[in-house]
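Asker: Sequences are here, hints too, so could you generate the full structure?
Listed below are the residues making up each chain.
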Amino acid sequence: MKNWWFLRGVRKGILTEKTPKDIAEWSTEIEGKGVVNCPTKAIENGKWIAERCIFCRRCYPNYKPNLNYEISIIKGTQKLFKKSFFIYPIDAGSCGGCNMEIKLISSPQYDMTRFGIFFTNTPRHADAIIVMGTLTEKMKEVIKEAYNAMPEPKLVVLLGTCAISGGILGEAIPLEASVLIPGCPPNPYTILDALIKVKGGKK
Amino acid sequence: MKHYKWSDKGEGRKIGKIGNYCLYDKVITEESCEETNLSPDAKYYGAFKFVYGPSAGGLLESIKFDITTDGERILNINSIPYKIRKIKVTGLSWEDALLKIERINAPFSASHIIAFLLAIEDAMNIEQDYQTQLKRIALLELERIRNHLFVIARLTEAASLSVPTFHLLYLIEETNRLIGKLCGHRYFFGVNYINKVNCNFEKLFKILDIVKEFRLIFEGLLESRIFIDRLQQNGILRDRDSIGPAARAAGLEYDARLELNILPYKEIGFKIVKAEDADAFGRFLVRGYEIIESSKILIELTDIIKDNTNTEEYKAINDEGEGLARVESPSGDLAYYVKIKEGRVTSAQLLSPSYVNLKSFMKSVKGTIFTDFQFNWESFGIWISEIGVNLE
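Quick mapping for you: the protein sequence lines, in order, are chains A and B.
When the letters of the first sequence are read in order and numbered with the UniProt record's numbering, they come out as residues 1 to 203.
When the letters of the second sequence are read in order and numbered with the UniProt record's numbering, they come out as residues 1 to 392.
Hints listed in this document are in silico derivations from the structure and should not be mistaken for laboratory results.
Hints may be right or wrong, so weigh each one.
[Said to hold, decoys possible] Pair ranges (Cβ atoms, derived):
| id | chain 1 | residue 1 | chain 2 | residue 2 | range |
| --- | --- | --- | --- | --- | --- |
| 1 | A | Lys202 | B | Lys366 | 47 to 57 Å |
| 2 | B | Val51 | A | Phe6 | 33 to 43 Å |
| 3 | B | Ile304 | A | Asn66 | 33 to 43 Å |
| 4 | B | Glu202 | A | Ile14 | 22 to 32 Å |
| 5 | B | Glu276 | A | Gly76 | 49 to 59 Å |
| 6 | B | Ser162 | A | Lys203 | 22 to 32 Å |
| 7 | B | Lys341 | A | Pro153 | 47 to 57 Å |
| 8 | B | Glu31 | A | Leu15 | 50 to 60 Å |
| 9 | A | Trp4 | B | Gly71 | 32 to 42 Å |
| 10 | B | Ile299 | A | Lys202 | 40 to 50 Å |
| 11 | A | Leu7 | B | Lys206 | 22 to 32 Å |
| 12 | B | Gly367 | A | Thr16 | 42 to 52 Å |
| 13 | B | Asp239 | A | Gly46 | 49 to 59 Å |
| 14 | B | Asp239 | A | Pro153 | 49 to 59 Å |
[Stated by the list, open to error] No more than 27 Å apart at the CA atoms, straight line, and that leaves these computed lysine-lysine pairs for DSS-like:
| id | chain 1 | residue 1 | chain 2 | residue 2 |
| --- | --- | --- | --- | --- |
| 15 | B | Lys181 | A | Lys103 |
| 16 | B | Lys181 | A | Lys21 |
| 17 | B | Lys64 | A | Lys154 |
| 18 | B | Lys341 | B | Lys2 |
Where is the CB? At the ideal position from N, CA and C, for every residue including glycine.
Answerer: Structure (structure tokens):
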């Protein structure tokens, strides 16, 4: 019987990875020297500013990615969420890339639930709101409503360069965030690493 | 324009509205591109309004549906995309415009970038290198496989079939990793230029392992009554103005890959996948078999793509002109019409497949019930990102 999904799942075995594998170069830390014409001013005085980088390769080969995916900026953690952490993603005006990558942290390779991270369908049950994309006019009120609907304590996660700095397409999200996850879009490993850190958990 | 001509009235298959014009399969017209008239919101005894969205767990992006219902049936529906982005490309060089175009919709970014570049090349009268054309086909087919896997995963998730859902998510991640390995970026950002694709296709054959695994899941799903019952007779749409998998599911042989000679699909050869049911099940079937068909194209390309070929730098004959190009994105026709002057974009118009598919979805959803909604919605593979774009 081909649709005995349970048996099929068992036969496939464990696919979850203990150590990161096959990370795409672009959307990891950028290193290099020299002056370059960066469209978002992510390289100033030879210093790379992750929050502004859209990983467009205009700086290549002077600057290259070094495969370090731990590029998130943690501004505060909340240990109360150590055991279970419910996240509510909200799309302010993204290109769909961040939406795909946040979905993929639930894939067997990453399996976010082993770290006690779960999606919730309503901000009323959320410990953190994950905002992605640039700020668009109609979504301003929706984000505000979703944020106000969340119970205390609550966290804000800004996912992707668009949400953090506006990137190349628009305005950033004007919410004070506990964690910034740079990338265009961020790598799933970067997202998972940031979420584990902000909830005060261990990998 | 090399592949299109201006016409007073439409001829052939109507694709849809592109800026202020109307696009057909071989011509573009200045006539008003008539919008599909949805019937007015009639009054029904005991009916009330139900709002779904703009931000809800079941929706991947921000869109609001105002649904008129008398309990379970959807009597009427209105959709309002909630994320409207103004993206300015006029006045920019093609290279600067490219950074913005590839961020219109990441899951279809290869389709957007390639259609845009083909339009620019058309306007500048640039002859494309054959190897570049083959590499572009490889990007489009990889994108098609990833997207169809994602749509099918969303369908199985809606049916609460967790094992195939996670197995499909595993395959999507594997496809993304393969794309990342070939091109350095999981969504093809920063790899496409005029007459150049900056990817190394040495490991392209690995797509075969992914598709082999998919085949087993697909066969299992075809035997699952729990799954099939949710799709059959759901969202029936037989409309000559539909595009992509929605049209092919209704037996219409619409496919930009074979209608135009912009990319050498005819030389490689492939079969257009069709179904007859015209419902969500038909759209699921088309996507499933297209994954297999696309993998055959990619395997054929592994033999003929030569990465060592030195792609010649482009030589533009014009620095002023207009260009129009259309490609078959995973959800149907996607076109750009651009005008350039002194190498800068002076005007750009977009026809996105999701815009056309949203209209098709709205037609198909009336008379269905709430529990069928998610299956019907996911089967069209709509991305609000590309609908909510005002290209300036």
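Asker: Below or equal to 27 Å on CA atoms is what counts here, so check B:Lys181 against A:Lys103.
Answerer: holds, 20 Å
Asker: Please check whether B:Ile304 and A:Asn66 have a Cβ separation lying inside 33 to 43 Å.
Answerer: holds, 34 Å
Asker: Is the distance from the Cβ of B:Val51 to the Cβ of A:Phe6 consistent with 33 to 43 Å?
Answerer: Since the Cβ atoms of B:Val51 and A:Phe6 sit about 37 Å apart, the hinted range of 33 to 43 Å holds.
Asker: Tell me if the beta carbons of B:Glu276 and A:Gly76 are separated by a distance inside 49 to 59 Å.
Answerer: Holds, since B:Glu276 and A:Gly76 (Cβ atoms, about 58 Å apart) stay within the stated range.
Asker: Does the Cβ distance between B:Asp239 and A:Gly46 fall inside 49 to 59 Å?
Answerer: holds, 57 Å
Asker: Indicate whether the distance between the beta carbons of A:Leu7 and B:Lys206 respects the range 22 to 32 Å.
Answerer: holds, 27 Å
Asker: So if I understand the rule, the pair passes when the alpha-carbon distance is 27 Å or less; does B:Lys341 with B:Lys2 pass?
Answerer: holds, 18 Å
Asker: Please check whether B:Asp239 and A:Pro153 have a Cβ separation lying inside 49 to 59 Å.
Answerer: At roughly 51 Å between Cβ atoms, A:Pro153 and B:Asp239 fall inside 49 to 59 Å, so the hint holds.
Asker: Looking only at beta-carbon atoms, does the pair B:Lys341, A:Pro153 fall within the given range of 47 to 57 Å?
Answerer: holds, 56 Å
Asker: Taking 42 to 52 Å as the stated bounds, is the beta-carbon spacing between B:Gly367 and A:Thr16 within them?
Answerer: holds, 43 Å
Asker: Do B:Glu202 and A:Ile14 keep their Cβ atoms within the hinted range of 22 to 32 Å?
Answerer: holds, 29 Å
Asker: When you take the CB atoms of B:Ile299 and A:Lys202, is the distance between them in 40 to 50 Å?
Answerer: holds, 44 Å
Of the numbered hints given earlier, the model fails none.
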